[in-house]
Amino acid sequence: MPRRRPESSWPPRPAAPERCGLCDRAVPRLTEHHLVPRSQGRRRGVPVHELPTVQLCPPCHKFLHRTFSNAELATQYADLDTLRAHPDVAAFLKWVRTQPATKGIRVR
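Here the sequence shown stands for residues 2 to 109, where the numbers follow this note's numbering.
Hints are supplied without guarantee of correctness; some may be wrong.
[Unchecked claim] Here are the simulated distance ranges between beta carbons:
#1 T68 <-> R44: 45 to 55 Å
#2 W11 <-> G105: 24 to 34 Å
#3 S70 <-> P7: 22 to 32 Å
#4 P12 <-> T76: 39 to 49 Å
#5 T83 <-> V49: 20 to 30 Å
#6 R5 <-> K63: 46 to 56 Å
#7 I106 <-> D82: 16 to 26 Å
Keep in mind that the hints were calculated from the coordinates and are not lab data.
A quick note: this is a predicted structure, and the numbers were derived from the prediction, not measured.
Note that the Cβ used here is the ideal one computed from N, Cα and C, for glycine as well.
Kindly produce the complete structure, drawing on both the sequences and the hints.
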């Protein structure tokens, strides 16, 4: 009877896709979004490493920064529930959830 080779650990298996904190899609790459922008946090005297962050897919991250100013993000939209409640964000999330995670999405 032939002997079997042991299971190889090379090449390593790809990591499971992580989920976007805003749209909840499983995507291959995430970016770090500061819920209170760094510029606004520094003005308040908060060290950058202490600012709250969330992992977002690039389209969601770009959409937030194209829709809101840093001052608005810091004062009015510093948590995910408030962001999701905004009508423009809700419409974007409804649309982006229908898009494949591997598709390049252009945000205007």
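Taking the CB of T68 and the CB of R44, does the distance hold inside 45 to 55 Å?
violated, 21 Å
Is 46 to 56 Å right for how far apart the beta carbons of R5 and K63 are?
Once the Cβ atoms are compared, 49 Å apart, the range 46 to 56 Å for K63 and R5 holds.
Can you let me know if the beta-carbon spacing of I106 and D82 is within 16 to 26 Å?
At roughly 23 Å between Cβ atoms, D82 and I106 fall inside 16 to 26 Å, so the hint holds.
Taking the beta carbons of S70 and P7, is their distance inside 22 to 32 Å?
Between S70 and P7, where Cβ atoms are some 57 Å apart, the hint is violated.
So does P12 sit 39 to 49 Å from T76, Cβ to Cβ?
With a Cβ separation near 47 Å, P12 and T76 satisfy 39 to 49 Å, so the hint holds.
Pairwise beta carbon distance, T83 to V49, judged against the given window 20 to 30 Å:
Distance hint for T83, V49 holds at roughly 22 Å.
Range agreement (Cβ of G105 with Cβ of W11, hint 24 to 34 Å):
About 30 Å separates the Cβ atoms of W11 and G105, which means 24 to 34 Å holds.
The structure does not agree with the numbered hints 1 and 3 stated previously, though it agrees with the rest.
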